[in-house]
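Undergrad: Each protein sequence line maps, in turn, to chains E and S. The first sequence begins at 1 in the working numbering and counts up one residue at a time. The second sequence begins at 1 in the working numbering and counts up one residue at a time.
Hints listed in this document are in silico derivations from the structure and should not be mistaken for laboratory results. Check the hints yourself; a few may be wrong.
[Stated by the list, open to error] Quick look at which bits of chain E chain S covers, simulated, 3 or more residues with Cβ under 8 Å:
hint: 1; region: 16 to 23
hint: 2; region: 65 to 77
hint: 3; region: 90 to 98
As the structure is a prediction and not an experimental result, all values here were calculated from the model. Glycine included, each C-beta is placed from N, C-alpha and C at the ideal position.
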Amino acid sequence: MNRRQIARGLTKTLNASVDEILASSDEPITSSAVRIGITGAPGAGKSSTIARLAAYRAKPTKQLAVLAIDPSSPLSGGSLLGDRIRMGELVENPDVYIRSLPSRGTNNGLCNNIPELINVLESHGFSEIILETVGVGQAEYAIRNQADIVILVMQPESGDTIQSMKAGVVEMADILLVNKDDLTGADKVCAELAEIAARGGRLEGWFPPVVRMCATNNKGVKSLSDAIDQTISWQAKHRDNELIAQQRRRYQLQSLLERRIDELLDEAAPSFLSTSLSKGFKTITARCLLDP
Amino acid sequence: MLKNKRILVAKPGLDGHDSGAKIIALALRDAGADVIYTGLRKTPDFIARIAIDEDVDAVGLSILSGSHVALLQQTRDSLREMGAEDMVIFVGGTIPPQDVETLKQGGAAAVFTSDMTIEDTINKVSSILK
Numbered sequence: 001m002n003r004r005q006i007a008r009g010l011t012k013t014l015n016a017s018v019d020e021i022l023a024s025s026d027e028p029i030t031s032s033a034v035r036i037g038i039t040g041a042p043g044a045g046k047s048s049t050i051a052r053l054a055a056y057r058a059k060p061t062k063q064l065a066v067l068a069i070d071p072s073s074p075l076s077g078g079s080l081l082g083d084r085i086r087m088g089e090l091v092e093n094p095d096v097y098i099r100s101l102p103s104r105g106t107n108n109g110l111c112n113n114i115p116e117l118i119n120v121l122e123s124h125g126f127s128e129i130i131l132e133t134v135g136v137g138q139a140e141y142a143i144r145n146q147a148d149i150v151i152l153v154m155q156p157e158s159g160d161t162i163q164s165m166k167a168g169v170v171e172m173a174d175i176l177l178v179n180k181d182d183l184t185g186a187d188k189v190c191a192e193l194a195e196i197a198a199r200g201g202r203l204e205g206w207f208p209p210v211v212r213m214c215a216t217n218n219k220g221v222k223s224l225s226d227a228i229d230q231t232i233s234w235q236a237k238h239r240d241n242e243l244i245a246q247q248r249r250r251y252q253l254q255s256l257l258e259r260r261i262d263e264l265l266d267e268a269a270p271s272f273l274s275t276s277l278s279k280g281f282k283t284i285t286a287r288c289l290l291d292p
Numbered sequence: 001m002l003k004n005k006r007i008l009v010a011k012p013g014l015d016g017h018d019s020g021a022k023i024i025a026l027a028l029r030d031a032g033a034d035v036i037y038t039g040l041r042k043t044p045d046f047i048a049r050i051a052i053d054e055d056v057d058a059v060g061l062s063i064l065s066g067s068h069v070a071l072l073q074q075t076r077d078s079l080r081e082m083g084a085e086d087m088v089i090f091v092g093g094t095i096p097p098q099d100v101e102t103l104k105q106g107g108a109a110a111v112f113t114s115d116m117t118i119e120d121t122i123n124k125v126s127s128i129l130k
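Let the hints inform the model, and build the full structure from the sequences given.
TA: Here it is in C-alpha cells:
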C-alpha cells in the first residue's frame, strides 16, 4: 500500500467543504469493504480491542484500515487524538493502516465526511475497515448507519449503566463485547447482556452474541473475530443490502444538509437572529434552495 | 491559529515522564490544531511511521534525556527513508543553549527550551506552519 498517498487523500477529504464533496463524488455508494464499527463509553477499551483485533485479522491478502475518531474541542476547534497510545503494536504491521480523525462539527460519535473517508479507503482496496467512534454515552448511534457490524464494548463496572443504555447503544449492537473480563462483576454483566440479547438485535432475526475479552492480556480475540465472521455470514444471507445502501445515502445527504445549514447560519448577519423565529426559518430555507 | 493543522507530539528515546509533552499537546489543541500523541519511549522509526500514516504537517520531538542531537538525526533519517525528507520537525525539552544551533543545523525548524513561554512556542509553530 502507498501509505503517503492514502494519508493525503484522507486529509483532503476530511477538510473538504460541502461544495467540494458534492463536486468530487457522485458515484453510487458501493461497499467493497466490510465495515466494523467499535463503539462504547470512554475508557471501555475500544482502542485496545482494535489493536488486538486488527493484528489478528489483517493479512497480506486482507489489508485492514482503522479510522479512530476523537472529539474536537467546541471551544478551540482543535483536538487531542489519543487512540495511537493503545495501538502501538500495529504501527509496524505492513497490512494495517491507522488514521486518527477529529470529530469536527459532527456530534453523533462520528466525524465530518465519514462516508467519503470510507470511500477513499475502499478505493485503495482495503478489505476491512474498522471505525472507532468517539467515546459515547447513551444516544450517539450513527455508527449503525455506516458500519456493517456494530460492536459495543463494555466493562464489568458498567453493570448499573446497562439498564439506562438499553434503549440506545445496546439496542443497535450486533455483538456485545465485555472487555476487562478479569475484573469482578464480569459474570453478572454478561448474564444481563445475554438477557437483552435474547430479545434480538437491530436486524430482525439476529441475536447478538455476548463475547468476553481481556484486551490487555490478549484473551478472547479469537472469540471476537469468530463472532464477526458469523455475523458477516448471517448478514450475507439475511440482510437487505438495497435498504442499507438507501440508509447510507440518507445519512450522507443529511450530514451535508446539516453542514450547509451551519454554513448559512454562520454567514447570516447578527440582526438575523433578532427577527421572528418563522421569518428566520424561512430566510435560511430560502437561501438553502438558492444554492447550486 | 492552527486550524486544520495536524501535529504529531512524540517522545523518542528513554525519557521517564511526559508532562512537558502533554502541556504542549494541550496548548496546540487550544490553538486549534489536531494533535496526535505517541506515548512514551518510542523509536525514531516508530515516530516516522506514524507521521506518514497520519499525514501530519509537523513532528514535535520532546526530549529530556540529553540525546536530542542523535534522536533528531535518526528521526530525519527514518523520515527520509519513507520519502518524507520535507517534514517539518520541532525539537523541545531540556536543551542546553550551546546545542540549539547544532539542532537547527541538523534540520530542526525551531527549538523550544524550558525558559520559553507557551505563548511564544505556539506563535512560533503557527508562523512556521502558516
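Undergrad: Against this structure, judge whether each hint is valid.
TA: We went through each hint and held it up to the structure:
| no. | hint | result |
| --- | --- | --- |
| 1 | 16 to 23 | violated (count 0) |
| 2 | 65 to 77 | holds (count 5) |
| 3 | 90 to 98 | holds (count 4) |
Hint 1 from the earlier list is the only one contradicted by this structure; the remaining hints agree with it.
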